[in-house]
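Undergrad: These protein sequence lines are chains A and B, in that order. Counting from 1, one number per residue, gives the positions in the first sequence under our numbering. Counting from 315, one number per residue, gives the positions in the second sequence under our numbering.
Worth flagging that the hints you see were computed from the coordinates, not collected in a lab. Hints may be right or wrong, so weigh each one.
Cut-off 30 Å, straight-line C-alpha distance, at most; resulting in silico cross-link-like pairs (DSS-like, lysine-lysine) [as the list claims (entries may be wrong)]:
hint: 1; chain 1: B; residue 1: Lys322; chain 2: B; residue 2: Lys407
hint: 2; chain 1: B; residue 1: Lys430; chain 2: A; residue 2: Lys203
hint: 3; chain 1: A; residue 1: Lys192; chain 2: B; residue 2: Lys385
Rough simulated footprint, nothing fancy, chain A against chain B, three-plus residues with beta-carbon under 8 Å [to be verified]:
hint: 4; segment: 330-342
hint: 5; segment: 415-423
hint: 6; segment: 426-439
Glycine is no exception: its CB is placed at the ideal position from the N, C-alpha and C atoms.
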Amino acid sequence: MILKNNYFYLAVAAILTIAPMFFGEYYVNLGSQIMIAAVFAASLNILVGYGGLTSLGHATYLGLSAYTSAWLFLKTGLDHGYTAIIAIAFTTFVGAIFGWISLRASGLSFLMLTLALSQIVWGIGYRWVGLTNGDNGLSGLTRPTPFGWDLENSTNFYWFTLIITIVCLFFIARIVNSPFGASLKGTRDQDKRMSALGFNVWKIRWISFVLSSFFGAISGLLYIYFNKYVHPSVMSITSSAEGLLCVIAGGAGTLAGPILGSILIVLLKNYVSGFVERWNMLLGIIFVFIVIFMPTGMVPGIIQLKNRLFGGKK
Amino acid sequence: MTIALEVKDLQKSFGGVAVTQSVNLQVMPGERRLIIGPNGAGKTTLFAQITGDLLPDSGEVFLYGQNMIGKPVHDRAHQGMSRTYQIITLFAKDSLAHNVVLSLLGIHKRKNQLFKSLPANDPLYDQALELLDSVGLKSQAHRRVTEISYGEQRRVEIALALAQQPKVLLLDEPLAGLSRDERVLVADLINSISKETAIVMIEHDMDVALAFAEKILVLQYGKVIVDGDRDTVVNDPKVQEVYLGH
């Protein structure tokens, strides 16, 4: 079964690798955007899907990382390699502090704390003009050239994003299938029981928060490299909600869920919006459809449907 | 000999209601102790204070001489305190084997491993199978908790507690809601637990409970009304009045 899965993943990776050879630049860029959204949603899924901690402030980590990288590049002239390391370290550090604060509460209060903290960062992005350039955002950026690889080229950037996405998803998969991942899922399902079994529930949740912000920071770097521009709206509640939508629509607590959710949301936002003016309404209808017919998300829904049609474990 | 579990002058009130009033309890290593009392006597509340789920207003809890007050629940588990719940608290979507593996992981240094996977052929699963065998559920190891009967779930609860190799095991109504046959099975299982573990049990089934206990503590309105051996307790007029009804 594991071998079968590995062949499947290899086949998907191979198809995604050769895909740019058959599609134009527009679709290649769309592919890059889907992968960036997938890394972002997968990072949020660590918290929401595996930890049962619904956050409405995850765009903070994407935005902080993007801003830090852009600011350092523009103001200090540091090389992309250094800005990337500092951006990830700084964002993860902020995630550690925000996690420490947010995890004082649970449930709805936790959600409200993540929202409140993200609103503070979003407010700084808008109002501290001297630092962030306010509503004008930060522009004039370039893409990095790792080992002389020119990422200004769309196809090269797509491949670069594909590699980072695969690496991130690989590590997230390792984490959720590790003893720590089992502990995290345990705290989601029975937190009191987990304490009685000897697990430090708060610590497990805090580590998952930090890991989530770390991978969120990576998606932020990909975002800034792709757009070469960052605006405070990237840290808004709408961005956080979009990430949450990707996770819930795709299937929280599954590895493929956030990817499928990202494909849906990015396609609707960037592709369907070209044909349907009220694409938000269409997104709403699709979301209602998913909630009614696949309440646990598309991936579990599809699996259930497959089992119903062809037999298998329910 | 060091006392396995000692509770000293434990007090707890919810607003104006005193739920634990100066409770003292001493359990020796390997002892089988029963806690009885009518509904609302504060038995489960006492357990919650011993395990750290609930903070007492005052008093002390010692596990083999070590003061547990101020220690979080998970620390107490590492010191050798384990419990089962009155309301079954298992990981319903997971297999029985995975439930026991989680219990084994709880006191294992591997629990913080981030990047090493936990495959189905991990030695922890072999250990879990052995434990499930000891409670007669090896053949069901790969079924989900939701797919087994209530009585079997009670046995899984005990397997989870035993997986931690506790020095003191607190059983909160382990026979509640079971059929006659299931009661016999679970009671036999409890009686087969090694004497290396001291057991404190809350139970309403007097036939099983009295057969099990070496000493009995009777609670009423959060107060100890009698603490002694079986005969002392059964013949005590206060117990007969408040608990046995005559």
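Undergrad: All hints are to be evaluated individually against the structure, with a verdict given for each.
TA: Against the structure, the hints:
For a cut-off of 30 Å, the pair hint linking B:Lys322 to B:Lys407 is broken: about 40 Å separates their Cα positions. The suggested pairing of B:Lys430 with A:Lys203 holds, with an alpha-carbon distance near 19 Å, which does not exceed 30 Å. Taken as a hint, the A:Lys192 and B:Lys385 pair is honoured in the structure, with Cα atoms around 15 Å apart against an allowance of 30 Å. Counting residues of the segment 330-342 of chain B whose C-beta lies closer than 8 Å to any C-beta of chain A gives 0; at least three are required, and the coverage claim is violated.
For the segment 415-423 of chain B, the stated coverage by chain A is satisfied: 7 residues place a CB nearer than 8 Å to a CB of that chain, which reaches the threshold of 3. Taking a C-beta to C-beta cut-off of 8 Å, the segment 426-439 of chain B contributes 7 residues in contact with chain A, enough for the three needed, and the coverage statement holds.
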